[in-house]
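For reference, the chains in residue letters:
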Amino acid sequence: MTEAYIYDAIRTPRGKKKKGSLNEITALALASQQLQAIRDRNELDTSLVDDVIMGCVTPIGEEGANIARTAVIEAGYAETTAGYQINRFCASGLEAVNVAAAKVMCGEADMAIGGGVESMSRVPMGSDGGAMGVDPSISFDHMIVPQGIGADMIATIYGFSRDDVDAYAVESQKRSAQSWKEGRFAKSVVPVKDQLGLMILDHDEHMRPGTDMQSLGGLNSAFKGLSDFVGFENVAIQKYPEVEAINFVHTGGNSSGIVDGAAAVLVGSKEAGIRTGLKPRARIRAMASIGSEPTIMLTGPVAVTEKVLKKAGMSIEDIDLFELNEAFASVVLRHMQAFNIDHAKMNVCGGAIAMGHPLGATGAMVLGTVLDELERTGKSTALVTLCVGGGMGTATIIERV
Amino acid sequence: MKHFTLEIDKDGIALITFDSPNVTMNLLSTEALQEISEWTDEIASNAAITGAVITGQPNAFCAGADLSGLGAIFSEVEKLDRNERAAFLYKELFQINEIFRKLETCGKPVAAAINGLALGGGFEITLACHYRIASNDNPKLKLGLPEAMVGVLPGGGGTQRMPRLIGAMNAFDLMLQGKMINVEKAHTLGLLHDTCPAAELIEKAKAWVKANPEAKQPWDQDKYRIPGGGPYHPAGYQTFGAASPMLRKNTYGNYPAQRYILASVYEGLQVDIDAGLRIECRYFTKLMMRPESRNMIRSIFLSKQSLDKGEARPAGQSKGTIDKIAVIGAGFMGAGVAYVSAMSGIDVAIIDVDQAAADKGKEFTATEVAKRVGWGKMTQEKADSILNRITATTDYGVMGDVDLVVEAVFESRELKAKITKMAEEVLPKTAIFGSNTSTLPITGLAEASQRPENFIGIHFFSPVHKMMLVELIVGEKTSDYAISRALDFVTRIKKTPIVVSDTRGFYANRCVMRYIEQGMGLLSEGVKPALIENAARMAGMPVGPLSLQDEVAIDLGYKILKQTEEDLGADAIKGPTAPIIRSMIENHDRKGRKNSKGFYDYQPDGSKRLWPGLSEFAPKSGLAEPQVSPAYIKDRLLVAMALEAARCMEEGIVQDPREADVGSILGWGFAPYTGGVLSYIDTMGAAVFVARADELAAETGSAYLVPELLRDMAKNGETFYGRFGTAKAA
Numbered sequence: 030m031t032e033a034y035i036y037d038a039i040r041t042p043r044g045k046k047k048k049g050s051l052n053e054i055t056a057l058a059l060a061s062q063q064l065q066a067i068r069d070r071n072e073l074d075t076s077l078v079d080d081v082i083m084g085c086v087t088p089i090g091e092e093g094a095n096i097a098r099t100a101v102i103e104a105g106y107a108e109t110t111a112g113y114q115i116n117r118f119c120a121s122g123l124e125a126v127n128v129a130a131a132k133v134m135c136g137e138a139d140m141a142i143g144g145g146v147e148s149m150s151r152v153p154m155g156s157d158g159g160a161m162g163v164d165p166s167i168s169f170d171h172m173i174v175p176q177g178i179g180a181d182m183i184a185t186i187y188g189f190s191r192d193d194v195d196a197y198a199v200e201s202q203k204r205s206a207q208s209w210k211e212g213r214f215a216k217s218v219v220p221v222k223d224q225l226g227l228m229i230l231d232h233d234e235h236m237r238p239g240t241d242m243q244s245l246g247g248l249n250s251a252f253k254g255l256s257d258f259v260g261f262e263n264v265a266i267q268k269y270p271e272v273e274a275i276n277f278v279h280t281g282g283n284s285s286g287i288v289d290g291a292a293a294v295l296v297g298s299k300e301a302g303i304r305t306g307l308k309p310r311a312r313i314r315a316m317a318s319i320g321s322e323p324t325i326m327l328t329g330p331v332a333v334t335e336k337v338l339k340k341a342g343m344s345i346e347d348i349d350l351f352e353l354n355e356a357f358a359s360v361v362l363r364h365m366q367a368f369n370i371d372h373a374k375m376n377v378c379g380g381a382i383a384m385g386h387p388l389g390a391t392g393a394m395v396l397g398t399v400l401d402e403l404e405r406t407g408k409s410t411a412l413v414t415l416c417v418g419g420g421m422g423t424a425t426i427i428e429r430v
Numbered sequence: 016m017k018h019f020t021l022e023i024d025k026d027g028i029a030l031i032t033f034d035s036p037n038v039t040m041n042l043l044s045t046e047a048l049q050e051i052s053e054w055t056d057e058i059a060s061n062a063a064i065t066g067a068v069i070t071g072q073p074n075a076f077c078a079g080a081d082l083s084g085l086g087a088i089f090s091e092v093e094k095l096d097r098n099e100r101a102a103f104l105y106k107e108l109f110q111i112n113e114i115f116r117k118l119e120t121c122g123k124p125v126a127a128a129i130n131g132l133a134l135g136g137g138f139e140i141t142l143a144c145h146y147r148i149a150s151n152d153n154p155k156l157k158l159g160l161p162e163a164m165v166g167v168l169p170g171g172g173g174t175q176r177m178p179r180l181i182g183a184m185n186a187f188d189l190m191l192q193g194k195m196i197n198v199e200k201a202h203t204l205g206l207l208h209d210t211c212p213a214a215e216l217i218e219k220a221k222a223w224v225k226a227n228p229e230a231k232q233p234w235d236q237d238k239y240r241i242p243g244g245g246p247y248h249p250a251g252y253q254t255f256g257a258a259s260p261m262l263r264k265n266t267y268g269n270y271p272a273q274r275y276i277l278a279s280v281y282e283g284l285q286v287d288i289d290a291g292l293r294i295e296c297r298y299f300t301k302l303m304m305r306p307e308s309r310n311m312i313r314s315i316f317l318s319k320q321s322l323d324k325g326e327a328r329p330a331g332q333s334k335g336t337i338d339k340i341a342v343i344g345a346g347f348m349g350a351g352v353a354y355v356s357a358m359s360g361i362d363v364a365i366i367d368v369d370q371a372a373a374d375k376g377k378e379f380t381a382t383e384v385a386k387r388v389g390w391g392k393m394t395q396e397k398a399d400s401i402l403n404r405i406t407a408t409t410d411y412g413v414m415g416d417v418d419l420v421v422e423a424v425f426e427s428r429e430l431k432a433k434i435t436k437m438a439e440e441v442l443p444k445t446a447i448f449g450s451n452t453s454t455l456p457i458t459g460l461a462e463a464s465q466r467p468e469n470f471i472g473i474h475f476f477s478p479v480h481k482m483m484l485v486e487l488i489v490g491e492k493t494s495d496y497a498i499s500r501a502l503d504f505v506t507r508i509k510k511t512p513i514v515v516s517d518t519r520g521f522y523a524n525r526c527v528m529r530y531i532e533q534g535m536g537l538l539s540e541g542v543k544p545a546l547i548e549n550a551a552r553m554a555g556m557p558v559g560p561l562s563l564q565d566e567v568a569i570d571l572g573y574k575i576l577k578q579t580e581e582d583l584g585a586d587a588i589k590g591p592t593a594p595i596i597r598s599m600i601e602n603h604d605r606k607g608r609k610n611s612k613g614f615y616d617y618q619p620d621g622s623k624r625l626w627p628g629l630s631e632f633a634p635k636s637g638l639a640e641p642q643v644s645p646a647y648i649k650d651r652l653l654v655a656m657a658l659e660a661a662r663c664m665e666e667g668i669v670q671d672p673r674e675a676d677v678g679s680i681l682g683w684g685f686a687p688y689t690g691g692v693l694s695y696i697d698t699m700g701a702a703v704f705v706a707r708a709d710e711l712a713a714e715t716g717s718a719y720l721v722p723e724l725l726r727d728m729a730k731n732g733e734t735f736y737g738r739f740g741t742a743k744a745a
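Sequence order for the protein chains is A and B.
The numbering used here numbers the first residue of the first sequence as 30 and each following residue consecutively.
The numbering used here numbers the first residue of the second sequence as 16 and each following residue consecutively.
You can take every hint at face value.
Counterexamples of contact, computed for chain A against chain B with all Cβ distances above 10 Å:
| id | residue |
| --- | --- |
| 1 | 30 |
| 2 | 47 |
| 3 | 75 |
| 4 | 76 |
| 5 | 107 |
| 6 | 111 |
| 7 | 118 |
| 8 | 192 |
| 9 | 219 |
| 10 | 246 |
| 11 | 318 |
| 12 | 320 |
| 13 | 368 |
| 14 | 401 |
With a straight-line Cα cutoff of 30 Å, these simulated BS3-like cross-link-like pairs (lysine-lysine) come out:
| id | chain 1 | residue 1 | chain 2 | residue 2 |
| --- | --- | --- | --- | --- |
| 15 | B | 623 | A | 253 |
| 16 | A | 336 | A | 299 |
| 17 | B | 386 | B | 194 |
| 18 | B | 397 | B | 509 |
| 19 | A | 268 | A | 253 |
| 20 | B | 481 | B | 509 |
| 21 | B | 612 | A | 268 |
| 22 | B | 577 | B | 436 |
| 23 | B | 219 | B | 194 |
| 24 | B | 481 | B | 194 |
| 25 | A | 374 | A | 210 |
| 26 | A | 253 | B | 612 |
| 27 | B | 606 | B | 635 |
| 28 | B | 155 | B | 392 |
| 29 | B | 510 | B | 392 |
| 30 | B | 606 | B | 623 |
| 31 | B | 157 | B | 481 |
| 32 | A | 268 | B | 623 |
| 33 | A | 46 | A | 210 |
| 34 | A | 408 | A | 340 |
| 35 | B | 589 | B | 574 |
Keep in mind that the hints were calculated from the coordinates and are not lab data.
On a predicted model such as this, the values are computed, not experimentally measured, just so you know.
Just so it is clear, CB atoms sit at the ideal spot from N, CA and C, and this is done for glycine as well.
Could you build all of it, start to finish, from the sequences and the hints given here?
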């Protein structure tokens, strides 16, 4: 089978939801600017790009009707470059890269772009409807509850206190701020520009570097109110009857931020690199997705990590750096607990609690982040994974070449 | 036509009156439905008719479908091959939708003049009319779709028309809880177009018909929009998103009627009314093929109704009235009995050793009626008249003319004997002496009586004003007359009586003991307390066994334990309960809710959390690993109770399966979706039940020993209703 290599990985800075800088930029512009940037900085002949796969979790309104193909056209790519949008909820961006890699591996494509886009300030999360939350044959029969309830259930079952999750959040803010200060993201962040070509945003604006335990401690539970009103806690307990009551530890401060952003990762075969004169930065060593229990919803990363390691023939010790999307602090804490992973190897540049989680794009963003970090520190292997709505996990192992 | 009359007036408006012969309440029977079809055709085809007004006999429009008629359909279905049943049932059940749809599309205006109770199918027919007006001077007039309360869904288009009229959120509120509402509320919600005094009803309805020759249902008009939006409208999405978890929280997925109502509305609002009616009927059919509906209709509706009428009355005894009673002992139970009696128009003397205690007993009624006045549910005059019916006194002399006495003093044989003697000195010879004991055998207590034939157990459940069941305990010498008079009393106070024989714990408490005992057993086997409690609620019980033990008080259990030890010796005490109860009282002073410390810790804000110290009762080796499944706990709890009920049947403590079933639901909340403790066995089948009990006996011991009766039934393929059933049991 053909090997798939990563040639480039870029992302936009992330704009916050309320009065954010990217709110006035269309989702299409975010996506097409990324495609243009990856073309321009690699002097890429886009007729060599067979396909563009973009993750997008709320594909309605301006994000509807196949935003990937829409962006390909708008970015001025060769007419022959195809495009399509996928939705694996929060792992969509990583899944898009995996699909691009798979196309290369099986020979369908020589070069493809995987990425994602989500303008959460313009197309609100959940506005695409879906049967999962409202059709009783799924929501009632299968005890589907919002993700936050699952995150709090993880904290309850695996014993993470409010202090534990807050302490994790403080560290995320600290690492994110430190990484920006040291310019660790300089290689991959492409500022977003307006119609006039003037810079609109060049940094992640959701961060709160001054965050400490005290400021986080004052925040109210993000999910208890809704749960009390609708009964989600009781529903989740019907799936986990050993639990007497959920410990509602998650707040806006220790959960991922709601932001706008896009990302793109250029993947191709070795020959495609030779043909375009590009140098591969890393090899995609293994990929996997898995389904997990849908009520708690967010335990997929543990299961998919085991699966992808097995596929790669590697053990947890063989991984130099881990990147697990900080959807909620408890998800990361559980992962470190399950595999006994040192926090010094996990999310070393911070994550979505500080910088935000533009749903469809995040997977591709964090893949780029960890690749930059491997190069910066001279390390070799990284495992990237995300928890996924509906009870899933997606993971990728990369290795520098 | 037998059930309807049709008169055409000078304007060509047909007045159709629902007036079934020889009934106090019109019911929507198969026959009545056929006549609706006939007069609908008449309206549509007779050129002399310009429109129609539908009304009912005074004060009774239609109380709903004839539920006993559903039983007939069930019997038909059972004769069919399994794979033909769905098609047959769907066709049968869809007839009502065809007829109602025909009515609302007959091309002429049809108005409903609702002059009495319109419930279930009786309300659904009005929803298929173009206009609804109800009389506003009959406070007893209620409207609604209460089907879910007996395990049925509104299958006459109710799940489609109601949300299309008032939106899914309001319709869920009414249908899922089976709420029956008054005319004013129905008007505010938009279920009624207008209200007026009964005398003007027909006239107003006719005026509307005359003024609206082109009437069409809202959902048959082009510009129609669902109020509040369908499931994928932004507002509707919120409603539907909240509906599933809210319902699951309350039902634990045990009640398919509600689940199917939800689905009918969800799917039905995404299509036109004709498709919606087909969807509703599919869910109705699916529901009718499950055991829950039949069991719930039988126990919660039909059997309860029979028992409420005093059907347990011994042959040869006639119905009488109870107008004056005395309650001796003004504690919580006595005060409750006085209250429910006074509320039902009975004069009550409440007697205690000192005046202050008696007054306190009466005060309970004062507080309760004041609450009702505060809610606007009762006038001050009415409250005063109820309170005036109660005399609080220390004087036994007031009992000279009472019909019945309820003795509700502390559970002491000596005290009860003394009171019996004192009371009988003044009581008329015909008066019944009822002891509200929950533990002491009646035959023994009756020994203190000069007239043991008039002595009976009247076992109320706590709190008296909320618990609907009363066990009448028949001692060795209790006469049929005493039973009959006690039934007169219980039916007058609108509670459901069951007649049981004299035994320790009688019927209900005997079964409940098994529940608590298994809770303790699971605890001592290392099952996590939260899992025990949650699994019990998931099995359909109102509270978990540990919680229940806290409510009945742990020190009470301790006292009984000590008494048993004294009476029968320490060797007589077996099982997991004793060491736990002993330790809770002797080592930890944990008495239950009464001292805010029991299996739970009770917080001042009313919340409670399981006491972490319960880990003491797990085996030395620690918690069970892995933990058992909720399904296993369900079996442990329900099978233990059902076996005890079967033993009660075997021993003749209870003789009528209806009493056993209704008693189990009303007395201790036995998983109502099962239709009660014997229906639970019948539905599973005696053979399957016995096999499961045998497995549990092999694993855990004597609590699951199967009585011979059940083995016999298993061998013969019998059911309780088949073997013991009365002719009237559905």
